[in-house]
Every structure is written in C-alpha cells, then in structure tokens.
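There are 4 protein chains.
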Amino acid sequence: MPSRDTVEIGLNRFARRGYDLDEVSIVPSRRTRDVDDVSTAWQIDAFRFEIPLVTSPSDAVVSPATAIAVGQAGGLGVLNAEGLWTRYDDPLPVYRQLRDAAAEAPPPIALLQQVYAEPVKPDLISARIKEMRDAGVTTAVRVSPQHTELLAPSVLAAGVDLLVIQGTIVSAEHVTTQGSALNLKSFIADLDVPVIVGGAANYQTALHLMRTGAAGVIVGVGADSFSTGDAVMGVRVPLASAIADAAAARRDYLDETGGRYVHVIANGRIETSGAIARALACGADAVQVGEPLRAAKEAPAGGVWWDSVAAHPRLPRGGTSAPVPAAGSLEQVLLGPAETSDGRTNLFGALRRTMAKTGYRDLKEFQRVDLVIGGRPD
Amino acid sequence: MPSRDTVEIGLNRFARRGYDLDEVSIVPSRRTRDVDDVSTAWQIDAFRFEIPLVTSPSDAVVSPATAIAVGQAGGLGVLNAEGLWTRYDDPLPVYRQLRDAAAEAPPPIALLQQVYAEPVKPDLISARIKEMRDAGVTTAVRVSPQHTELLAPSVLAAGVDLLVIQGTIVSAEHVTTQGSALNLKSFIADLDVPVIVGGAANYQTALHLMRTGAAGVIVGVGADSFSTGDAVMGVRVPLASAIADAAAARRDYLDETGGRYVHVIANGRIETSGAIARALACGADAVQVGEPLRAAKEAPAGGVWWDSVAAHPRLPRGGTSAPVPAAGSLEQVLLGPAETSDGRTNLFGALRRTMAKTGYRDLKEFQRVDLVIGGRPD
Amino acid sequence: MPSRDTVEIGLNRFARRGYDLDEVSIVPSRRTRDVDDVSTAWQIDAFRFEIPLVTSPSDAVVSPATAIAVGQAGGLGVLNAEGLWTRYDDPLPVYRQLRDAAAEAPPPIALLQQVYAEPVKPDLISARIKEMRDAGVTTAVRVSPQHTELLAPSVLAAGVDLLVIQGTIVSAEHVTTQGSALNLKSFIADLDVPVIVGGAANYQTALHLMRTGAAGVIVGVGADSFSTGDAVMGVRVPLASAIADAAAARRDYLDETGGRYVHVIANGRIETSGAIARALACGADAVQVGEPLRAAKEAPAGGVWWDSVAAHPRLPRGGTSAPVPAAGSLEQVLLGPAETSDGRTNLFGALRRTMAKTGYRDLKEFQRVDLVIGGRPD
Amino acid sequence: MPSRDTVEIGLNRFARRGYDLDEVSIVPSRRTRDVDDVSTAWQIDAFRFEIPLVTSPSDAVVSPATAIAVGQAGGLGVLNAEGLWTRYDDPLPVYRQLRDAAAEAPPPIALLQQVYAEPVKPDLISARIKEMRDAGVTTAVRVSPQHTELLAPSVLAAGVDLLVIQGTIVSAEHVTTQGSALNLKSFIADLDVPVIVGGAANYQTALHLMRTGAAGVIVGVGADSFSTGDAVMGVRVPLASAIADAAAARRDYLDETGGRYVHVIANGRIETSGAIARALACGADAVQVGEPLRAAKEAPAGGVWWDSVAAHPRLPRGGTSAPVPAAGSLEQVLLGPAETSDGRTNLFGALRRTMAKTGYRDLKEFQRVDLVIGGRPD
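Residue numbers (full-length UniProt numbering), protein chains in the order written: chain A, 1 to 378; chain B, 1 to 378; chain C, 1 to 378; chain D, 1 to 378.
Among the clues, some could well be false.
Label-pair ranges, simulated between beta-carbon atoms [unchecked claim]:
#1 A:G159 / C:D34: 26 to 34 Å
#2 C:L150 / D:Q43: 38 to 46 Å
#3 B:A46 / D:Q97: 50 to 58 Å
#4 B:P108 / D:Q97: 38 to 46 Å
#5 A:A127 / C:S225: 49 to 57 Å
#6 D:A105 / C:Q72: 54 to 62 Å
#7 B:R48 / D:Q178: 19 to 27 Å
#8 C:T177 / D:Q97: 50 to 58 Å
The set of hints was computed from the structure by calculation and includes no laboratory data. For each residue, glycine too, the CB sits at the ideal point set by N, CA and C.
Next comes chain A alone, as it looks inside the complex (with noise of 0.2 Å):
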C-alpha cells in the first residue's frame, strides 16, 4: 500500500497526518471559463444525475415526497428503509412530535429512541418505494449491513434503482463467533441493482468494498457537524484525506480490473457549497448531503435535524437540533438563486461557478484542480 506522511506521536508509535475538508481550499488556476459552459452531470452505472447529490439517507430531511423532489432536481434522494417511513403508518405525528420538542432546544436523545423503538415494517418499505417510483425518479433506500438480509427482499421487489447499504463503519470483512455475517461479496454478486455501500475511512477498506463489487463507496463515518463520533467512540476521519485516499484506491482498483470505475461519495460535514466543491476537488465523483438541506421548507421535520445515528438504543452519537428557519424551497437550496452570502443555499450552481472561475469544464476534470493548506477559513 502507498503511504502518507506519518508522525511519530511517542517512541516508535506512528499516526498518519489527515487533512479535514475546511483545512483544505481550491486555488483558481489560470483559465477561467463561462458558467454556461460547464456541466456538473455526475453518472453512475446507469443512472444520470444533473447534479453530483445523494442525500444523507436522515428522516429530519428525506421523507418520499422530498426524494421525488429532490430527483427533480437533478439528485438522488435516499429514504431510509429503518427509518420513520417504515416504521410508521403516518409518520406525521412522530415528526410533530418531535418539532414540538425541538421548539425552543434540540430535541433530546432521549426522545429520539423511543420513536426509533418502534420496529419497521417490511411492508411501508415497498410501499415508500412504489411512492417514489410513481413519480419517475431514479429511487434509491438505505439499509444497515445488519439487516441488509432481512430487509433487502422486500426492497428489491419493491423495485428500487439502487440500493445503498450504509453504516457508520462498515467493512467487507465483518468477523463474528455468532451464526455467519453478510458476505457483501456474494450478496451484491446475486442482486440485479447496483450497490452504494459505505462509509469506508481508509484506502484499505475502500479497496476492499470495491472488490465486494459495489457501483459506489461512501467515504466517511461522520453525517454532519452535529456528530459526536470523536468524543463518544474517538475514531476520527479527516476527510480530505480520506477521500484522496479512496480516490487512490479508485485508480488501483480500475487497474487491477481494467477498467471497472466504482465512485467514491465523500459523506462527513458536508454543509456549504464550498465543502461541496472541496470534496470534489479531492476526488469524490459525488457528495453525501443531508443537513443543508433541512432549510428547504419541504424539509419533512420542518427545519429540525438529527441523524439517525443519535437514535441508537445504547450509545447514541451525533446530535439533534432546534429548527432552523426555511430559507426557501429545495430547487432554491439546491439550484440558486441564493439571497443569502453564508453558502447555504444555491448548492450546486455554487459548484458550477467554482468550475468555471476554475477553468473546468466537468467535474471529473475539476478532480484535478490545485488545492492549497492554510490559510484563514471564513
């Protein structure tokens, strides 16, 4: 394996030097070109998207009516197949309740695993889907690897696109003493849909879920500036580097298979347009966004966000949040115009605007756009 720089932190003990993405900025090189002229169309396998969007697969913000309009946006919206949709008849009241909770003050955890206690249904699973299919977008669900087997028939009969399998550490080589684990491998070989799976925090494990023969791998274990991953479990990935690295191993394994392309999709505080165009100028072909998108006034939860991870019975990570006002709808958040200065809105005409002062025409060019360290972030 290639290596980066290292530190000897103590005596013969070594740590690897990470970048974070706001460490991280794009320095215009010498051409500059028309925003009219540059495309940010991102495809995998054979879905084409306008914009380089997956969506955190968070309830705060994806519900079936926010995928569809997401797809029409020219993204991929991901509903979470264990999340409040598939729990839930109507999920409604649940979201109500928890607005209510968050009025003045972050809902509390607390709260967030009772309703999460509830168990999912297989059955709203296929329906969610048939939901979003009706409408004609490219639909994609999230399942954990632990019950990818389980869920994963009613999902695929339900006819979904893609099927993401996402955890907040995963790996293709899950050891356990008790019955037998998800061999990815043979799971993805067996499906007729192609496979996001992640997240991956290495060169190593984003290797070796390549070789599972997933389309996609998710890079990063953090969903949003609210995780607390550092601080509970005090694993964290810088993701900068995380990126370039799984982007180095996206060049070795289109080597050793000549010629089979898996995209890397950075996911980890994701929250600016600025954080959009860095983590594509590392190397991702596509970003994982969830909680910008909580001030779109489609938001489902009405500006409150959390990820699903803070709901987790016995060691909840990651944060939830009071609300935050609409800042327009989602095209607007996504698309532009924007009528504030903070980043937060017109996402991705920012990114085409960054490539065209940048010189780039699409964005697997822009992967190569010069990066500069330091330097003050706003």
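Given chain A, work out where chains B, C and D should sit, using these hints.
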C-alpha cells in the same frame, strides 16, 4: 515554475501550503531609523503617490468626493464604474435606505441585490470621472472584466488616468463558447492609459496578467473579512503566500522583458496598519484597502460596509455590516494621529514607524525585511 | 534512549514535539467485529478487572461506598488515604459545606484549603479499608510519596490489595538535603502488595519507576480539565506522546528483565469514552478516570468536582466546579445504556464498540490500532 | 550567524518559524528535589536578588513605594523616569482620574495621551530616586533611548544603582539624518553604573546590544497581553524563540570576550508563574513582569493596567484595562501563599516548586530543563 512546500493530503493528491497575512509578522532587525527619514512614496507609470494606497472600489467607502479626499491625502481612490454612482443620478436616497436598514443589524443581502438591479448609465460614468478630474487628483475607475468592452469607451472618453479591470477571479485566458471573450492583451495594447488588473491568486495567473501589458496586478480574491468566498465557493487564497508568489512572477517578468516592472497590489483583509505593513513586507508594492475607510467621517455609507460581490444576483458572497461610529476624518484614518490603539487609524503613519523601527528608508527596501511565522496575533 | 521529533525553538535550544490525546484519533481499519465478541478485561498482578478503569483518588468521586460500586462494576476504585474520609470521622458535613458553596459557583480554593487542613488519622485509614474489604471488592488506596513511610504501615495492616503511591510529579530519585528521602525501590521490595506509582511524564521517569519494582506506572501529571499546572508551574505533558513513550519504556523494561510487564496507566483529561479509547490506543493498559464519575448519582460530592492538588496549602493548582446534574447510576455511567451522546455515559460500552468497529478482540491487540493526527475534534 | 528553521511562505520568500512562550512547556525529568533545597537567586553586576524579577517600568504598578516593596521582597523595581511620578509633583489626582475613568470600562487612550502630555521635570527624577535610595533597596529607573542624553545626568546625579534604557524596539545602530543619534557604546563606556538595555527581538540585535557594554539586554517588544504592536505595526516577536536566540548571543558573546556574561531579561506577556518558569527555561536570566503586579493591594493604580506605549501621542499601541480586585499584598503576589490556582499569585514560590519538581537547584541549571512543544494550554 519554481515550487513551494507541498503536502500530500492523501495518496498522490498534493496541496501547496499557504500562509495568511496574519500568520506572518515582521521582526525588527539590528538597525533603527528616524521616522522622518522614511518615505512611503509609490509610483506606478507616470503617477506618484505619497502612500501606497489603492482603495477598494466599494460604494460603501468610495464616492467621487471621498476619491478626491483620498487623492489629496496621497493615495489613489478607485470609483466603481458599475456601482451606485453610475446606476443612480442621485444615489443619496439609496445610501440612506441601506443605512436605515443597517441601523440595528447588517442590511439584508436581498436589499443589496435589489438596489444593484438598476442598470448602469454610461453618461453617469463620464460625469463622475469629470467631477474627480476637476478636483485635480489622479482618477481611476473600476470595471468588471465582463463589462470592460461595453463600458471602457465611456470611461476613456471621460479622461480617466488609470483603468482598473477587477473581478473576484480574473484570468488572462477566459474561455467561452458564446461569442468571443475579452482579449486582455490586445485590449490593453490599444489603450493610452495604464491598466491595473486582477484579482489573481497565484504565480501563474499573476505572470500571465503581467504579460497582458498591465501596469499593475491585483493579488487576492477577497476584499474584506466579511467575505464568504471560502464557504460559498471553496476558494481561499492565503495572501502572504500569494503576494510572495506574485512578487516572484514580477521578478521573472522583469527578467523576461529586460526591465518592465509590473506592480503587485495586495487585496484581501488588509484592515489594520499591521496588515498593510505585512503585505508590503511580503513583497507587495501597494495595498488595496476598503473596509477600514468606513470609519472615516466622510464615508458615504455612514459606517456601513459591503463589497460589491455581496450584491451578486444569483450567488452573493461576502457580507454587509452594521455601521461603526466615525473614528475621525479620512485624513486622520490614513495619516493620524490615532486616538485608539487598534491599528485602524493612522494606517500609513504606522507603516512609516514600522519602516523606521526596522531600519528601512523606502518601500522597495522594506520588501526585504525579516519575517517570522508563528506567535500569537494580538 | 530512542528519540522523537524535535523542534529548534531558538538557536541550539530544542524541544520535543508532543501530542495531546485530543489531537490523535482512531481510524477504522478493514475488519469489523461483533460487539459481543470483544473483551475489555484487564489484569494487573493477581487482580482481574472487566474494565480497564482505575479511579482518580479524588474525594469528589470516591468514597468507600463508590469504590465498592466501581469494583462491582468491574473496575478498581482508589480511595485517597489523605482525603476527607481519613481526616474526618464523619466527612458528610464537609461534603455538604462544599456542595452548598458550589450551588451557584465553583467553591473557593480557600475553602478547600481549610477543610484539608484537618490532620489525617491513621485509624480512619484502617476503618475505610476494612469497609471496602468487607464488600468483597479489590481494594486500593492512594498515599503521597511524602507521606508513604508514615502512612503505609496503617494501610498495609488493614489488608489493602493494591497500594497507589501518587503525586503530581513523582521520580524514582528524590534528592533531599534534609534527612533521607523515600527509596521507592527498597520500599517496594519489602512489600507484599503490588504498587502502582506515578505520575511520570516521559520515557526516562517511566522506565526508572518500572525499575523500582512497581506493578503499574501512572503516566501524566494532570488529573482533569480543570488543572492549572500549566499556568502555575509551566509544566505540560502532552498525554498521547507520554503514553506512547511509557509504552516504549514498558517494552524496553520487558526486554531488560526478560519478561516483567509493568502496566501503563494513563492519567490526564480522560473525560469521555473517546478519550478512554484514544489512551488505550496509544499504548496504555488502563486509564485513571475521575471527573466524569461526578455525574453518577452515587458521587459523594453531588456533582461538584475538585482534585486534591487544588487544596494545596501554598500553591493550589487545578480547579473546583459547580455541580453537574446526575446523568444516571455509576453503573450506567460506566456500562450504559447512554441517553445522551456527549461521550460521558456508557464510558466502557463505547470502548467495546470502538474495539468491535476496528476489529480488535482484546485490549492488548487494540494498542496497535491505526491512528491519525489532525481533523476537527467534535 | 547560526540559522533556525525557515519556511518558504512564497516563492523565494522565507520566514523563520518562531514559538511563543505558551507553546513551550516544561517536562519533568527523572529527578525531583525538596523545595527548600532550591535557590531562585539572581545576580547582575554587584547586585544580588532573591528572585529573578525586574519590574516593567509601568506607572500602573510601579511607584517609588512599590519599587521599595519589590526590593524588600527580593526583586528589582524599575521606576519610569518619564512617567507620572516625574511629570507631576503629586501624581495621586492623576491616578484617581484614571481609576475613576476605569471603574466600569478601560480608560480611553485619549485620556492617557492627555495626562502624559505634561512635561517631565528633571528635579522630580532626583527626588523619586532619593526616596527609593533612602529605603535601602537597589534602585533602578527607566529612560527612553530618545531622552537618554537629556535625562541621564539627573538620573546619575541622584545616585541610581542601575540604569534601564528601554524602548519598544531598540537597536545598537540608530541612523538619523537630523543631528547625531545616541551612541550607546560610548555612552555606556562613560558610565559608572551598569546599564540594562532593550527591547531586542533577535540574535543579531541582542548581540549588538551586548557589544555596547550593557550588563543586561531586554528581549521582547511587547510588555503585556494588552499590547497591539502586531495589529498596529505588524511586528510580532515569538518570545520563546527570541529568548533562546538571545541566549545563543550570550554564549557567543561570552566566548568572543573570553568571559563577559550579559544577562538576558525576558519581556512580553509574562503574566503567570508558569510563564515565568517557561521564560527562564528557554534561557532567560530574569523576567520583566508588570501586569500581574496590579493585583497587589499596594499597586498605585488600584488594579487598572496600562503600558506607557499606550500613551504615545500619535501612534498609541497597547491597551488599558478595567481594574481587577486586589488578590493580596505585593509580597503574597510574589512569594505566596496563593489562595487561587490561576498562576497569578505566589509567582516565584511556584517557580521554586517547578525547579524542585524537575530536579534543579539553581536558575543557571534550570535553563537546561527539558522542553516540549504542543499540548493544550490550561
């Protein structure tokens, strides 16, 4: 091209290490001088200035009247040919509206977008230039690269002394599929007045802009500490490094042409006298200053601040601010005496003292002063 | 002695570069495991513990009753033989006084100095040890190096299982011109019970303490995030580096003795489950934890925190705090389940999950987990 | 000249890497000592002090009475010969005016400028020195380099023991086109009293000042954490590096002269006992301390703080502060006991303990203590 320190952020993905102005400081060397023996004079083309000041073309601080006052104090005021003074016959009610909105909080971006939606009138450009010329100061106006060909005739016909072609990110090679782009080189070759052009962010862009025949190149992409170019576009230019790189381009271009010296004008969060000294110490010939001038009692927006990019119709960047109280006359802000110790008045008197305390007689020598990285900023 | 990275701070004056625990994080590697297949067991001398926990000997969290509860939860409680329980026949009124003083603000240092001015009574030491022994848990008390010779007889006569000789900074070679100093080596050689000694700050001190015959060495000089040893004494021990250095001393001593394994116990701002995981990942065998235990409803000071060094009569260091509300039982704080996501409950359940998600079965293996420097802490 | 680490900030433009005192810390080594076996004594020329303290010449903390108290506590008090006590026959009303202005907020700079506009009276200098001499302590006054030739006769005639020639930035080679500048070398050669001179910022200036015949050189340009020299002048001197560089100059000058030892006195944000220990550990022989003394109940400004440079008529730097409550007598601030743990009382008792805990008997040995870079400051 010569190379600076690089960091491997991930496998085979490299970034250059950059330093911001506030990371760099000046170290007194063994000699000191009398303040009165020091000159801060600067000359570009046929124009000589007592202080190396080019104002930002921000409507918040530059009206025809303040441009004149800056000229009388020894610097160069730059009026925005695409700002309020050329959109409105009488911009005072617009200023009033913005100031009223700002009384308690920064005025909303949407209001800026609205007042800048009014079209530019070429005949107002002529009238404003005439007003400044009549006062006997060196005149300069700024046009954007996109509107240069449209507006330059009016600007030149009015007899401007210096033309500033400035956008956030400007290149010598703009590529378009829609008609033809501005060819800076042939455009400048045809002009009788010297041109200052920018912003550029690195050695290459600076060198290419020097080769267009410009008299000066602006280095830096952000005009003030309210900028959000990093959050919105993922673009960041650590200015100390960018200035030093552009100074290297200046040396190389001087050698390449056998003697053409193109001035480097630093732009970006130069908001204290300390930052002015640092920028010049890193290799700049002059500094573009905007935000601190709003504390002058002549400032047309009464202490409110915004940069023109904050008014962008689809992707505003940068911010607006509530007003600051006046700290004195424009002359006092520029030349002292200071009655506060925050580095925001007596901007160029402080520069003179720094030069004296480090033993330098003029700005060209001062570019060689000893620098240190590290230590705690005030 | 092996050498770590050094920095030349000035001409010919060098400093070693050290890393704090919160600068280092764990990176998941390619394998994952079931949580139930993981063991957090730790054994020192003849004593086995289900969790690698040694409590700080702080009166704020350790009474005889809580030491028993810690033992029942699988860890080692350490009572301070020079604390309130051995100075007062009934310390409850003293606790009440401190808690009353802390209701609105941290209690004043002067009050701590006053309550700790009461002399230690050897017979109370015996009584407290007896109470803990009677509950059937492994017993341990802490004495200071200065009072070891005076108090050890009472401690040993009472049948303690483990003796902890702990001061902020302890060396194997104390030099005095006033009588004779404690000779740790001969003192320990004469004992029948195993000794844990510290704190040590670097490779050399750790190695020398290992050579005294101690079973365990405490690494680190500060007990909590309220410490002020850096402001008061200019002393700082970046803990990740100190742990790794002490682990190197452990390896070298193991080789030197042909097999004596001395345990490294990390001490210093280990206040979240994430910090526990990091400390063990850097090479510690166990962690000394204090401050987080004050959130247990059994904590004797009702949520107030202080470390004994804060009561020093002439040079107090460290702070006191206003009380925190109870977060659950001591067992819940240590073993979960958690109802918050701040890393301060389910301290060792989280460790187990980190080990599972990085694929390690036991603590000794986990000391080899991949580390990363950089990235943003939560 | 020997060279330290350099950084290439941009192409061919280099800066040295400097470290501030709070980035450096002391690491206990393997030996410890009794506190009572440690000496903090310092001797310069014929004058011996029990603690290595030279006060800042700030009127906020040094009156003739407090200079006497400092001397009685074992240090050296320095009265400003160009301060309030030599401008006003009775400065008490001026102190009152400043304290009244400071009751709720820091007093305005303009008020300082006004009270310092009063001329210095040479006969008051004589009277103040006489008052201190009569108390039997070692006397020292500070003059600025600009006024040294004018004021020195009065100072010397009054029988001062040590003369301190101090400005923010002082060089051995002041260049002027207006008349002749002070020639420090010939001036000092003609004197009977030893001279302390500074501040110097690097190896070269320190070495040149040593060659003037001074007994001590002050290293550092900023007197306190309220300084704004960085914002105003762009000048910053990371003190740990500057001290180490000056200590190297001291060694080289010692060799060059075959035995003349010039003392290095550190000056700049030395405001806690920890900072005192760090400064000495980096190589200083003594420390110049000002701001913490305002917490002594004898402080003439009643807890308000300002440095004389804050009163500069055209370019004030540095700040003023609201008063702090008294923390005890001057003796308690210097020698303890402390009743708080913030490092701001028992300043030199803490030093003694740090020396004991790291095993050093005297200050000269302590300059070799192990240092570490990194870790979190308190």
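To see whether the hints hold, each was checked on the structure:
Distance hint check: the CB atoms of A:G159 and C:D34 are about 33 Å apart, consistent with the given range 26 to 34 Å. Separation of C:L150 from D:Q43 is about 39 Å and conforms to the stated range, judged on CB atoms against 38 to 46 Å. In this structure the supplied range 50 to 58 Å holds for B:A46 paired with D:Q97, their Cβ-Cβ distance being about 54 Å. Look at B:P108 against D:Q97: about 45 Å separates their beta carbons, and that is inside 38 to 46 Å.
With their beta carbons about 50 Å apart, A:A127 and C:S225 fall inside the hinted range of 49 to 57 Å. Against the hinted window of 54 to 62 Å, the Cβ-Cβ separation of D:A105 and C:Q72 comes to about 56 Å, which satisfies the hint. At about 25 Å, the CB distance of B:R48 to D:Q178 agrees with the hint of 19 to 27 Å. At about 53 Å, the CB distance of C:T177 to D:Q97 agrees with the hint of 50 to 58 Å.
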